[in-house]
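Student: If you read the protein sequences in the order shown, they are chains A and B. If you're matching positions, the first sequence starts at 0 in numbering that gives the first Met the number 0 and goes up one per residue. If you're matching positions, the second sequence starts at 0 in numbering that gives the first Met the number 0 and goes up one per residue.
Worth flagging that the hints you see were computed from the coordinates, not collected in a lab. Source: prediction; values computed, not measured. The beta carbon of each residue, even a glycine, is placed where N, CA and C say it ideally should be. It is possible that part of the hints are untrue.
Calculated cross-link-like contacts (lysine to aspartate or glutamate; reagent style EDC-like; alpha-carbon spacing at most 20 Å) [what the hints assert, rightly or not]: (1) A/Lys72 <-> A/Asp107; (2) B/Lys268 <-> B/Glu278; (3) A/Lys71 <-> B/Glu194; (4) B/Lys283 <-> A/Glu133; (5) B/Lys185 <-> A/Glu159; (6) B/Lys185 <-> A/Glu86; (7) A/Lys79 <-> B/Glu188; (8) B/Lys185 <-> A/Asp59; (9) A/Lys53 <-> A/Asp153; (10) B/Lys199 <-> A/Glu33; (11) A/Lys79 <-> A/Glu21; (12) A/Lys106 <-> A/Glu127; (13) B/Lys280 <-> A/Asp107; (14) A/Lys72 <-> A/Glu127; (15) B/Lys199 <-> B/Glu188; (16) A/Lys79 <-> B/Glu194.
Just the calculated beta-carbon pair ranges, DEER-fashion [claimed, not checked]: (17) B/Asp130 <-> A/Ser215: 48 to 54 Å; (18) A/Gly64 <-> B/Phe121: 51 to 57 Å; (19) A/Ile78 <-> B/Trp284: 22 to 28 Å; (20) A/Ser63 <-> B/Leu273: 55 to 61 Å; (21) B/Pro140 <-> A/Lys151: 57 to 63 Å; (22) B/Phe250 <-> A/Arg132: 33 to 39 Å.
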Amino acid sequence: MTSAGLLQIASLTKTFQQPQGEMRVLDHIDLQVEPGEFVTIIGPSGCGKSTLLKIIAGLDTGYSGTVLLGRKKIERPSIKQGVIFQEHRLFPWMTVEQNIAADLSLKDPDVRKRVAQLIETVRLQGFEKAYPRELSGGMAQRVAIARALLRKPDILLLDEPFAALDAFTRQHLQEVLLDIWRENGTTMMLVTHELDEAVYLANRVVIMSPRPGRISRIIPVDLPYPRARASASFQAIRQTVMREFEHKGEW
Amino acid sequence: MDQTTVIAAGGTASDKDHVPAEAKGKGQGRTMERTAFAEKVLHNARGWILPIVVLAVWQWVGQAGLVSPTLLPTPVAIGESFVELTLSGELLGHLQVSTTRAALGFLAGGGAGLLLGLLVGFWRKAEAALDPSLQMLRTIPHLAVAPLFILWFGFGELSKVLLIAKGAFFPLYIQTFLGIRSVDAKLIEVARVLEFSRTKMITKLIIPAALPHILLGVRLSLGISWLGLVVAELMGSSEGVGYMIVDARQFSLTSIVFVGILIFAVVGKVTDSLVRYLETKLLKWRDSYKG
Ligand SMILES: Nc1ncnc2c1ncn2[C@@H]1O[C@H](COP(=O)(O)OP(=O)(O)OP(=O)(O)O)[C@@H](O)[C@H]1O
Ligand SMILES: [Mg+2]
Chain A
0 MTSAGLLQIA SLTKTFQQPQ GEMRVLDHID LQVEPGEFVT IIGPSGCGKS TLLKIIAGLD
60 TGYSGTVLLG RKKIERPSIK QGVIFQEHRL FPWMTVEQNI AADLSLKDPD VRKRVAQLIE
120 TVRLQGFEKA YPRELSGGMA QRVAIARALL RKPDILLLDE PFAALDAFTR QHLQEVLLDI
180 WRENGTTMML VTHELDEAVY LANRVVIMSP RPGRISRIIP VDLPYPRARA SASFQAIRQT
240 VMREFEHKGE W
Chain B
0 MDQTTVIAAG GTASDKDHVP AEAKGKGQGR TMERTAFAEK VLHNARGWIL PIVVLAVWQW
60 VGQAGLVSPT LLPTPVAIGE SFVELTLSGE LLGHLQVSTT RAALGFLAGG GAGLLLGLLV
120 GFWRKAEAAL DPSLQMLRTI PHLAVAPLFI LWFGFGELSK VLLIAKGAFF PLYIQTFLGI
180 RSVDAKLIEV ARVLEFSRTK MITKLIIPAA LPHILLGVRL SLGISWLGLV VAELMGSSEG
240 VGYMIVDARQ FSLTSIVFVG ILIFAVVGKV TDSLVRYLET KLLKWRDSYK G
């Protein structure tokens, strides 16, 4: 970790004012993410994973400590930090291609071309003119990913993006995401509840402990892609991650 | 919806082989189409049964001499009046005057409602300054101000148009305001993340999100404009469908009264259907319950 790092988080602490008084949600978080890395974050419900991602996204600026993206303080949301939420959050009045273009004009041949490419990337050919209501959850989430990718973000922040999907669709989207990561080299930071998903995707799994949220351990996953979930080495790492939770006694 | 859900869940990697559900429906063969058509005719026919029965009974009651024609002329007599008035050009003349009044009132009142709704919706300072007063004015009954308007502006066109405008103002004002303020905060977050400019925020997010409300406002405003027109014309005028009714009543030409009422009903319905048509065109992205 001697290089500059794309994302540098140092003693990040976040407290919320709540009726019962102050509540410390994140406590001295230190984390560096290298360009091109795939980091997954896993931890019990309420440990502050979404809060952490919101801060990196620039949607929450009331914290202490430093959060730098490319050495610059994050002060507001920007297209440099792509965000994928648990719900697809597409604009219901726009078709698939309009949603991907969003504020950009499809009349611009450059935009048109990029949109068409991305529709191919997320495997939605034939659905360019469909409205969100005509899409399944998995398809809609792929549109959301394409919409973020069109902006060529330095980092893509994904907050439990596949949690609402069934197991088949989830695995399919994991492959789509890995393909995108390999092809574009976009740095990925993904929050999940799924042990399997965390280990399957990541270069490093960040494990958080609850109340106040701290990083309890970071486990590197040095397995080549594509990974076999059934392999002994995969299962061994999965066990390590699982034991970390058992130590904490809370899941 | 079900169809697409199944596609994504089952055929993990091959969605491109499937066509959207809509396109699929079209190729289902002619038998389907024919039964669908027959069903539609049947569905519409069901709505006609009651009116036809009522008309038949009504005609019979009149012909049998059970009620006096000055109280309740028969449907056939009303039809004859209608043809007569149409051929003489009288009806068209009155209708033109009436629709012009209603349109002017609607445009003035509805337009002002839309503009102020946008202003108050987008700008909190305008809300603080204007909304309380406007809400207060809203509670004044529409019809109660009619005598006052006549007192101030006389029996001429101005008082009529203003009365209609007052009615048309509030639905559009309230719905526009409401539409802008009920934009989903989650979508606003998305727009911030995607760095929408202020203009794009308005044109690509807020206006489309508010459009269902605004169109509802247009429909309600049109309805009230028409109502205001009837009141204005019945209270005193020298032309228009309302005048035709009042005039006919003085001479006990009840069938003409009926023609006037029918015209009011039909034109009201037609304008409403027009807006509904506009809704289906502009809001085709919506996924709503269709019964
Ligand atoms: N806007 C807020 N105001 C007050 N408290 C908040 C706010 N947002 C989150 N919290 C609190 O902060 C804590 C962490 O929330 P956060 O949503 O980050 O958890 P999480 O790890 O994402 O949980 P989950 O896995 O259930 O999504 C929770 O206890 C929550 O109640
Ligand atoms: Mg969360």
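Student: Check whether the Cα positions of lysine 185 of chain B and glutamate 86 of chain A lie no farther apart than 20 Å.
Tutor: holds (10 Å)
Student: Quick check on a hinted range of 48 to 54 Å for aspartate 130 of chain B and serine 215 of chain A, using CB atoms only.
Tutor: About 52 Å separates the Cβ atoms of aspartate 130 of chain B and serine 215 of chain A, which means 48 to 54 Å holds.
Student: Taking 57 to 63 Å as the stated bounds, is the beta-carbon spacing between proline 140 of chain B and lysine 151 of chain A within them?
Tutor: holds (59 Å)
Student: Given the hint that lysine 283 of chain B pairs with glutamate 133 of chain A, test it: the Cα-Cα distance must not exceed 20 Å.
Tutor: holds (12 Å)
Student: Need the status of pair lysine 79 of chain A, glutamate 21 of chain A: alpha-carbon distance at most 20 Å?
Tutor: violated (32 Å)
Student: Taken at face value, is the distance from the CA of aspartate 153 of chain A to the CA of lysine 53 of chain A at most 20 Å?
Tutor: Given that 20 Å is the threshold and the Cα spacing comes to 16 Å, the pair holds.
Student: Lysine 268 of chain B and glutamate 278 of chain B were given as a pair; does the straight-line alpha-carbon distance stay at or below 20 Å?
Tutor: holds (15 Å)
Student: Is the hinted range of 55 to 61 Å satisfied by the C-beta distance from serine 63 of chain A to leucine 273 of chain B?
Tutor: holds (59 Å)
Student: Does glutamate 127 of chain A sit within 20 Å of lysine 106 of chain A, going by the straight-line distance between their CA atoms?
Tutor: holds (15 Å)
Student: Starting from the hint 33 to 39 Å, judge whether the C-beta atoms of phenylalanine 250 of chain B and arginine 132 of chain A obey it.
Tutor: violated (58 Å)
Student: Can you confirm whether the C-alpha distance between lysine 185 of chain B and aspartate 59 of chain A stays at or below 20 Å?
Tutor: Given that 20 Å is the threshold and the Cα spacing comes to 14 Å, the pair holds.
Student: Kindly confirm whether 51 to 57 Å is satisfied by the beta carbon distance between glycine 64 of chain A and phenylalanine 121 of chain B.
Tutor: Between glycine 64 of chain A and phenylalanine 121 of chain B, where Cβ atoms are some 36 Å apart, the hint is violated.
In summary, the structure is inconsistent with hints 1, 10, 11, 13, 14, 18, 22 from the numbered list given earlier, while agreeing with the others.
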